[in-house]
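Student: Assemble the dimeric complex from its two separately framed chains, guided by the hints.
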Amino acid sequence: AQRVTQPEKLLSVFKGAPVELKCNYSYSGSPELFWYVQYSRQRLQLLLRHISRESIKGFTADLNKGETSFHLKKPFAQEEDSAMYYCAPPSGSARQLTFGSGTQLTVLP
Amino acid sequence: EAGVAQSPRYKIIEKRQSVAFWCNPISGHATLYWYQQILGQGPKLLIQFQNNGVVDDSQLPKDRFSAERLKGVDSTLKIQPAKLEDSAVYLCASSLNVAGDEQYFGPGTRLTVT
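Top line first, the protein sequences correspond to chains U and G.
Numbering-wise, the first sequence is residues 1 to 109 according to the working numbering.
Numbering-wise, the second sequence is residues 1 to 114 according to the working numbering.
Watch out, some of these pointers could steer you wrong.
In silico DSS-like cross-links for lysine-lysine, where the CA-CA straight-line distance does not exceed 27 Å [unchecked claim]:
#1 U:K65 <-> U:K9
#2 U:K22 <-> G:K44
#3 U:K9 <-> G:K44
#4 G:K44 <-> G:K71
#5 U:K9 <-> U:K57
#6 U:K73 <-> G:K71
Derived by calculation from the structure, the hints in this document are not laboratory data.
Remember, predicted model here, so these are calculated numbers, not experimental data.
Chain G on its own, in the form it takes in the complex (with noise of 0.2 Å):
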């Protein structure tokens, strides 16, 4: 089966500039995660998705990030503006359902902001 998609790879943008990544799951999970990993650290999850609706985005700066997951399917993640400290690469994740499965890893897009 196909893994989870992720684009784009890599991506530069000066701080206060906009930014979004993509997300395409495993076709039939239902719930979908971003994670932000720093240089050095473990993921940190950012949102999660069941099918449309988020399960938990406590994590997530709502200030200046904001993340969607239209039709339940692909979902979109977006920065604005960004900051230095965004700098990291960005991992989405899916499972089959919620509790207790074992989520699969995109590629990740990496992050850099000047």
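Okay, chain U solo, but in the shape it has when bound (with noise of 0.2 Å):
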């Protein structure tokens, strides 16, 4: 089974430091990893996907199949950034989703 490592619970940074949120997987037989956001009082959302490899609200996030990881960064964070980020890689036949645990990020003015 998928396992996903997201080591931070929290993380604070102060605005317009960088930002990186790290999510370590098991295996993966696809591209398509997928990091999620959960802003406040408002639903789960696709933040960004691996395979389409833009850029969305200045996050990107670098896949390394070497050392199984799919970190989140951004250059320059923005108190809006404040969050709950899931890392989500895929697994099984129909490529079901594994969230991590989450990393609650807080953007400090």
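Tutor: The structure is reproduced here in structure tokens:
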């Protein structure tokens, strides 16, 4: 079974500082890794997926197959980035998502 | 477009009682998911439907949980009888198809079992 590790439950950075949210997974036969985000009082929603290789809200995610990591990065954090972030690699024949336990990011003014 | 709808939003029951949750996915979405999210953890997939067929229910505790998606649209998730450890947020999500598609989540139902 797929195992997902997000080692930081809580992460605080100051506005304008770089931020990196770590994600390690046990295996992937697919490049379709995802990051989902939940802002306060909002629904869980897709932030970005690796296969599209796009930057969303200034965030990018680097897939390192050798280290089986998919860390989320942003060079300059903003207060509105404060949210809970979940890494979700797929597994299984139907590529079901396995969510990590999440990292609560707080961007301080 | 309208998002995924769930009801009720909150439910408090005593252990050994029964409870049912309802989900209406986004129109045209073939795949529907039910997740259980226990406090402090990420969502865990309970069951995945493709139209009205089950794709994966390997993590569904079938002795007490059941789910159906009649006519391939709305879905209900039932717990009978409930245990204290079932206290969680139950999330419904839908996607256009299956592999690699963005999942759209509902607001969730917060269940408290006392």
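Student: Indicate, hint by hint, whether the structure satisfies it.
Tutor: Quick rundown of the hints versus the structure:
{"no.": "1", "hint": "U:K65 <-> U:K9", "result": "holds (23 Å)"}
{"no.": "2", "hint": "U:K22 <-> G:K44", "result": "holds (20 Å)"}
{"no.": "3", "hint": "U:K9 <-> G:K44", "result": "holds (17 Å)"}
{"no.": "4", "hint": "G:K44 <-> G:K71", "result": "holds (25 Å)"}
{"no.": "5", "hint": "U:K9 <-> U:K57", "result": "holds (22 Å)"}
{"no.": "6", "hint": "U:K73 <-> G:K71", "result": "violated (42 Å)"}
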